[in-house]
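Protein chains: 4
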Amino acid sequence: MLTRPAIKLTHRGATLLLAAAVEAAEAMGVPQCIAVVDDGCNLMGFIRMDGSRVLSVESATRKAMTAATTGRPTGGISPDKALLLAEATSGKMTNLLGGLPLIIDGHIVGGIGVGSGTSEQDLQVAQAAVAAFLKRMDEGQHS
Amino acid sequence: MLTRPAIKLTHRGATLLLAAAVEAAEAMGVPQCIAVVDDGCNLMGFIRMDGSRVLSVESATRKAMTAATTGRPTGGISPDKALLLAEATSGKMTNLLGGLPLIIDGHIVGGIGVGSGTSEQDLQVAQAAVAAFLKRMDEGQHS
Amino acid sequence: MLTRPAIKLTHRGATLLLAAAVEAAEAMGVPQCIAVVDDGCNLMGFIRMDGSRVLSVESATRKAMTAATTGRPTGGISPDKALLLAEATSGKMTNLLGGLPLIIDGHIVGGIGVGSGTSEQDLQVAQAAVAAFLKRMDEGQHS
Amino acid sequence: MLTRPAIKLTHRGATLLLAAAVEAAEAMGVPQCIAVVDDGCNLMGFIRMDGSRVLSVESATRKAMTAATTGRPTGGISPDKALLLAEATSGKMTNLLGGLPLIIDGHIVGGIGVGSGTSEQDLQVAQAAVAAFLKRMDEGQHS
Chain H
1 MLTRPAIKLT HRGATLLLAA AVEAAEAMGV PQCIAVVDDG CNLMGFIRMD GSRVLSVESA
61 TRKAMTAATT GRPTGGISPD KALLLAEATS GKMTNLLGGL PLIIDGHIVG GIGVGSGTSE
121 QDLQVAQAAV AAFLKRMDEG QHS
Chain Y
1 MLTRPAIKLT HRGATLLLAA AVEAAEAMGV PQCIAVVDDG CNLMGFIRMD GSRVLSVESA
61 TRKAMTAATT GRPTGGISPD KALLLAEATS GKMTNLLGGL PLIIDGHIVG GIGVGSGTSE
121 QDLQVAQAAV AAFLKRMDEG QHS
Chain W
1 MLTRPAIKLT HRGATLLLAA AVEAAEAMGV PQCIAVVDDG CNLMGFIRMD GSRVLSVESA
61 TRKAMTAATT GRPTGGISPD KALLLAEATS GKMTNLLGGL PLIIDGHIVG GIGVGSGTSE
121 QDLQVAQAAV AAFLKRMDEG QHS
Chain F
1 MLTRPAIKLT HRGATLLLAA AVEAAEAMGV PQCIAVVDDG CNLMGFIRMD GSRVLSVESA
61 TRKAMTAATT GRPTGGISPD KALLLAEATS GKMTNLLGGL PLIIDGHIVG GIGVGSGTSE
121 QDLQVAQAAV AAFLKRMDEG QHS
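Chains as they are written, first to last, in UniProt numbering: chain H, 1 to 143; chain Y, 1 to 143; chain W, 1 to 143; chain F, 1 to 143.
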């Protein structure tokens, strides 16, 4: 097999993730930076909410990249290895909480990264966005 | 005066610009990368449409930055100076068509950059987004 | 709301901050690098005093950026998270002491960062500069 | 001779250059970014005037660096070689007008770079600053 079938996130999917994350962040009263990347770690969508941290543009994107490349939530690496990985990837691999992969039918289709709040707030917003995405996927299959 | 009053683009404004640009690009049948930055050239919003060029993530963002920093549409610099400016800003100042500033009450509040189509298509999508933004601003003031 | 009102630091404000910081550093007998950035973390003013450390050009600037993006004095992050944040922002977020935000009427208008002395000296110079700025603001409002 | 005497620009000298440049730019009605570097191309002073271009932070600094490293005004290199030099220095050598060296008793002590206006305006502001500096030097020697 020289090629293989795959599943890709669409820009509608990225837009849904961003909107759901913004809604969750607003409900929480914590402005956030939210990044969505595809399986190639390339940016698909981004929103920086009013009052969120400018420097979180970069960290939120890297959380999304880390989740997309590993297929796992960010934050699970041992502290020593985390810094080595960060150094070895020019900072792109991060162990900060707030990055989640998007996995559909066993395919990693991308990742979402949220940053500007506490670690816990960042993670909650990412979880709300992924939950909204999977719910919509599920509704689509049954409709 | 140690401080001065200013106007800032909100993330709702950035979201409206992205949605209007996506709509215009879909109507045109040409997938695009669309970036919105604030007056400090920091990313506020981004969408990469399905089928658009991955490397346009960067060029679209730089078009937005160039328009925001100059307060003018991109593309008006003489060819010789354009390359010098690109080099002197590590590629951030670009003379590619498709970047437009967003100017409200005389304040540059940001810029939009569109890339992945022809120069003409990129510009048209940016123009459609700015027109939709200004129309909504106008409606808001009269409602 | 597609836009929102804001307050910006002027270059006169940045110049006052630099002059007050230089004066405080001279009184202390410790040469310093002093950077002032706006709310978008873009450089507004800078002075490297005779005898201060050349490599502090970068660290002082990053202290200013960190204070401006967080709205808080630098140095308050837990050691573990501090390194992760530094990595995830290519070193721009720093936990070194000596960065202070400039907050006017609830708006973060920028930050000042001081580096080349001990942590305590850096912080004192930044504090003196912010105090001088706020005093002048106060005088302006009552004159 | 293992060492040699030199002359260095002080931060008071850099401050005078910045103030003179700001005054000239204000008289001209054109906001500018102004950078001063020492003979090692390291930043000594900087001011970004209200309304000047954010991306000129970088280009103004590089004009100062280019003038300091060559000992000549920027802009005198042939177009072809200029781009090669820009590429070979990661954009630090620039042929944009607006950079002038500061030469005292045959020693290059640094450079000033001005950017955000037209090439001609940038150069005029740099010239005004250097003239003010040399005038003050001259007054000092005769007082």
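Be aware that one or more of the hints could be misleading.
[Said to hold, decoys possible] With a straight-line cut-off of 16 Å between C-alpha atoms, the simulated EDC-like cross-links for lysine to aspartate or glutamate are:
| hint | chain 1 | residue 1 | chain 2 | residue 2 |
| --- | --- | --- | --- | --- |
| 1 | H | Lys8 | H | Asp50 |
| 2 | W | Lys92 | H | Glu23 |
| 3 | H | Lys8 | H | Glu120 |
| 4 | H | Lys81 | W | Asp80 |
| 5 | Y | Lys92 | F | Glu87 |
| 6 | W | Lys81 | H | Asp80 |
| 7 | W | Lys92 | W | Asp50 |
| 8 | F | Lys8 | F | Asp105 |
| 9 | Y | Lys92 | Y | Asp50 |
| 10 | H | Lys92 | H | Asp39 |
| 11 | F | Lys81 | Y | Asp80 |
| 12 | H | Lys8 | Y | Asp50 |
| 13 | Y | Lys81 | F | Glu139 |
| 14 | Y | Lys135 | Y | Asp105 |
| 15 | F | Lys92 | F | Asp39 |
| 16 | H | Lys135 | H | Glu87 |
| 17 | F | Lys8 | W | Asp105 |
| 18 | F | Lys8 | F | Asp39 |
| 19 | F | Lys135 | F | Asp105 |
| 20 | Y | Lys81 | F | Asp80 |
| 21 | W | Lys135 | W | Asp105 |
| 22 | W | Lys81 | H | Asp39 |
Derived from the structure by calculation, the hints contain no laboratory data.
Hint-by-hint comparison with the structure:
For the hint pairing Lys8 (chain H) with Asp50 (chain H), the CA-to-CA distance comes to about 30 Å; that exceeds 16 Å, so the pair is violated. Distance restraint check for Lys92 (chain W) and Glu23 (chain H): the Cα-Cα separation of roughly 29 Å exceeds the 16 Å cut-off, and the hinted pair is therefore not satisfied. In summary, the hint linking Lys8 (chain H) to Glu120 (chain H) is not supported, as the alpha carbons are separated by about 29 Å, beyond the 16 Å threshold. Restraint check for Lys81 (chain H) and Asp80 (chain W): satisfied, since their Cα atoms lie roughly 13 Å apart, inside the 16 Å limit.
Distance check on the hinted pair: Lys92 (chain Y) and Glu87 (chain F) sit about 14 Å apart at the alpha-carbon level, within 16 Å; holds. A threshold of 16 Å between alpha carbons decides the hint, and for Lys81 (chain W) with Asp80 (chain H) the separation of about 12 Å falls inside it, so the pair holds. Using a Cα cut-off of 16 Å, the hinted pair Lys92 (chain W) and Asp50 (chain W) is violated, with the two alpha carbons roughly 25 Å apart. Of the supplied pair hints, the one linking Lys8 (chain F) and Asp105 (chain F) holds, its CA atoms being roughly 11 Å apart against a limit of 16 Å.
Our distance criterion of 16 Å between C-alpha atoms is broken by Lys92 (chain Y) and Asp50 (chain Y), whose separation comes to about 25 Å. Distance restraint check for Lys92 (chain H) and Asp39 (chain H): the Cα-Cα separation of roughly 14 Å lies within the 16 Å cut-off, and the hinted pair is therefore satisfied. Restraint check for Lys81 (chain F) and Asp80 (chain Y): satisfied, since their Cα atoms lie roughly 13 Å apart, inside the 16 Å limit. For a cut-off of 16 Å, the pair hint linking Lys8 (chain H) to Asp50 (chain Y) stands: about 9 Å separates their Cα positions.
Of the supplied pair hints, the one linking Lys81 (chain Y) and Glu139 (chain F) is violated, its CA atoms being roughly 39 Å apart against a limit of 16 Å. In summary, the hint linking Lys135 (chain Y) to Asp105 (chain Y) is supported, as the alpha carbons are separated by about 14 Å, within the 16 Å threshold. In summary, the hint linking Lys92 (chain F) to Asp39 (chain F) is supported, as the alpha carbons are separated by about 14 Å, within the 16 Å threshold. Distance check on the hinted pair: Lys135 (chain H) and Glu87 (chain H) sit about 37 Å apart at the alpha-carbon level, beyond 16 Å; violated.
Straight-line distance between C-alpha atoms of Lys8 (chain F) and Asp105 (chain W) comes to about 42 Å, which puts the hinted pair past the 16 Å bound. For the suggested pair Lys8 (chain F) and Asp39 (chain F), the alpha carbons sit about 8 Å apart, so the restraint of at most 16 Å is met. Restraint check: the Cα-Cα separation between Lys135 (chain F) and Asp105 (chain F) comes to about 14 Å, which is no more than 16 Å; the hinted pair holds. A C-alpha spacing of about 12 Å is found between Lys81 (chain Y) and Asp80 (chain F), which places the hinted pair at or below 16 Å, so the restraint holds.
For the hint linking Lys135 (chain W) to Asp105 (chain W), the alpha-carbon distance of about 14 Å falls within 16 Å, and the restraint holds. At roughly 27 Å between alpha-carbon atoms, Lys81 (chain W) and Asp39 (chain H) are farther apart than 16 Å, so this suggested pair is violated.
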